[in-house]
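Respectively, the protein sequence lines represent chains A and B.
At position 166 of the first sequence the residue is numbered 166 (the working numbering), and the sequence of numbers has no breaks.
At position 47 of the second sequence the residue is numbered 47 (the working numbering), and the sequence of numbers has no breaks.
Check before you lean on any hint, since a few could be wrong.
Covered stretches of chain B, as calculated for chain A (at least 3 residues, CB under 8 angstroms) [unchecked claim]: (1) 10 to 17; (2) 130 to 144; (3) 150 to 157; (4) 185 to 193.
Note that these hints are calculated values from the structure, not bench results.
Beta carbons: idealized from backbone N, C-alpha and C, even for Gly.
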Amino acid sequence: MTRQYDEDERGRTPQQLRDERLSAFLDDELTADQRAAVEAELAADASMRAELEELRGVQQMLASLGEVRAPRPFTLAAAPARASMARRLGFARLEWAMRVGTGIAGIAFLVAVALPAGGASMLAGGGASEDAAGETMSTMAAPEAAGGGAELFRGADPDAPTSDDPAPGGPTVVAPSAGDDSGGGSDGSAGAAQAPPNTGAAEGADTGDASPGDAGLDRDPGLARDNGSLALPESGPPAAQVASDGPGGVELSLLVLTLLLAVLSSLPVLQRRRLGQGGHT
Amino acid sequence: MTKVPREVDPAVDDLVRRAQASDLAAFNTLVIRHQDAVYSLALRMLGTREAAEDAAQEAFIRAYRRLETYRGGSFRSWLFSIVANLARDELRRRARRPQVSLDAARDDPDRADLDPPDTEPLPEARVEQGELRATLEAALGQLPDDWREIVVLSDVHGLAYDEIAHVTGLPLGTVKSRLSRARGRLRDALRASRELPGAAGRQEDRR
Numbered sequence: 001m002t003r004q005y006d007e008d009e010r011g012r013t014p015q016q017l018r019d020e021r022l023s024a025f026l027d028d029e030l031t032a033d034q035r036a037a038v039e040a041e042l043a044a045d046a047s048m049r050a051e052l053e054e055l056r057g058v059q060q061m062l063a064s065l066g067e068v069r070a071p072r073p074f075t076l077a078a079a080p081a082r083a084s085m086a087r088r089l090g091f092a093r094l095e096w097a098m099r100v101g102t103g104i105a106g107i108a109f110l111v112a113v114a115l116p117a118g119g120a121s122m123l124a125g126g127g128a129s130e131d132a133a134g135e136t137m138s139t140m141a142a143p144e145a146a147g148g149g150a151e152l153f154r155g156a157d158p159d160a161p162t163s164d165d166p167a168p169g170g171p172t173v174v175a176p177s178a179g180d181d182s183g184g185g186s187d188g189s190a191g192a193a194q195a196p197p198n199t200g201a202a203e204g205a206d207t208g209d210a211s212p213g214d215a216g217l218d219r220d221p222g223l224a225r226d227n228g229s230l231a232l233p234e235s236g237p238p239a240a241q242v243a244s245d246g247p248g249g250v251e252l253s254l255l256v257l258t259l260l261l262a263v264l265s266s267l268p269v270l271q272r273r274r275l276g277q278g279g280h281t
Numbered sequence: 001m002t003k004v005p006r007e008v009d010p011a012v013d014d015l016v017r018r019a020q021a022s023d024l025a026a027f028n029t030l031v032i033r034h035q036d037a038v039y040s041l042a043l044r045m046l047g048t049r050e051a052a053e054d055a056a057q058e059a060f061i062r063a064y065r066r067l068e069t070y071r072g073g074s075f076r077s078w079l080f081s082i083v084a085n086l087a088r089d090e091l092r093r094r095a096r097r098p099q100v101s102l103d104a105a106r107d108d109p110d111r112a113d114l115d116p117p118d119t120e121p122l123p124e125a126r127v128e129q130g131e132l133r134a135t136l137e138a139a140l141g142q143l144p145d146d147w148r149e150i151v152v153l154s155d156v157h158g159l160a161y162d163e164i165a166h167v168t169g170l171p172l173g174t175v176k177s178r179l180s181r182a183r184g185r186l187r188d189a190l191r192a193s194r195e196l197p198g199a200a201g202r203q204e205d206r207r
């Protein structure tokens, strides 16, 4: 509820304070001392007695308004479901966010498991062009967790054709937080150097952007971990290699990404809740 | 005026316990007992019958769902806190997209049940009483929403300050001062109507 009157209440006039005492006197809500003081005031002041009677009249009239009869019975025909603890605590929307996060995790897990197993071959043809399309998307949305989610799928796609490559970039994806962002950067460029021919087409697609992976890591070393996991797929080739060589590593990285995504997606929800709560619960 | 004594009704407590154990009949007994009070508070806060009905029905549904959060004390106050919350939400929604002002609500024919018409011809004294009452109703409708809630809880329903504080979630001091100011404003309106004979009559004609 609005509390806009609280400030007025701090600067009350003597008249208002007197009204308040009389009002509380009427309601028998004064301490014995306060009550005695008001009684003494009343005994000495006829106008105050008149005011008290006037207030009493208002109160009696209000009381005479009384209760209104309900126009219909509000009895329940069937028992409504009892609220779950989570809902009562106001986590309904968080629940929703978590459900979405869980769904994404499930999809990500399926993609990670199914692709190395061979289902990936059907994606092989479109791999390069998809990569290029994803590239533009990632440059727009790279700092966002949502962008990371988009890359997550894209990064997993093009790995199919290069399933026999060694694993130089693997560790950087799974644990880019190792601390030295320069290491991550050099790994990334190393991966780019070993890019297989078909992903080279993707690299050519983003002309002018020399080595996106490096740029991404150097731009913001403070966010090395996030950039590492999010930006590495940005430089298509290393991501492809990484994904290809070790399904276990990819699964882990996808799970980490998904968890991050779930947490980040719930943040705005919580913020909205905080803003939305104007009054009592 | 003496306050209605605190409700400490062993029968109510027993009904609540049974309702908590999913006895719907016991809960409905509680509904029947309290529905006039719950509906009245909603009607005084919201001004229209339709909105009050919605709030009251929703309040009982919510009450059933949250029955396990009732921890003794006045069951009526507990119900009031639920319906008052719903009514406040509705008032906030209205404030965000203004539509029905309380003045407009006063012209709502549904609102007539706030002031049930007497069919018998009234003696002079009762005519005056009716005018005063109309004036009071009008002044009540023009109070700020949160003042009106407090004065209705106190003087129509007879709640003590600490119960009002519980229902509204406001500090005791705020309850005390707002109640006093609300009564003061109602007093001023009644004073004005006495000093300007006919003012109350015009109010009456409008209905």
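Next on the checklist: For a quick check of understanding: which of the numbered hints are violated here, in increasing order?
Outcome noted: Number 1 only.
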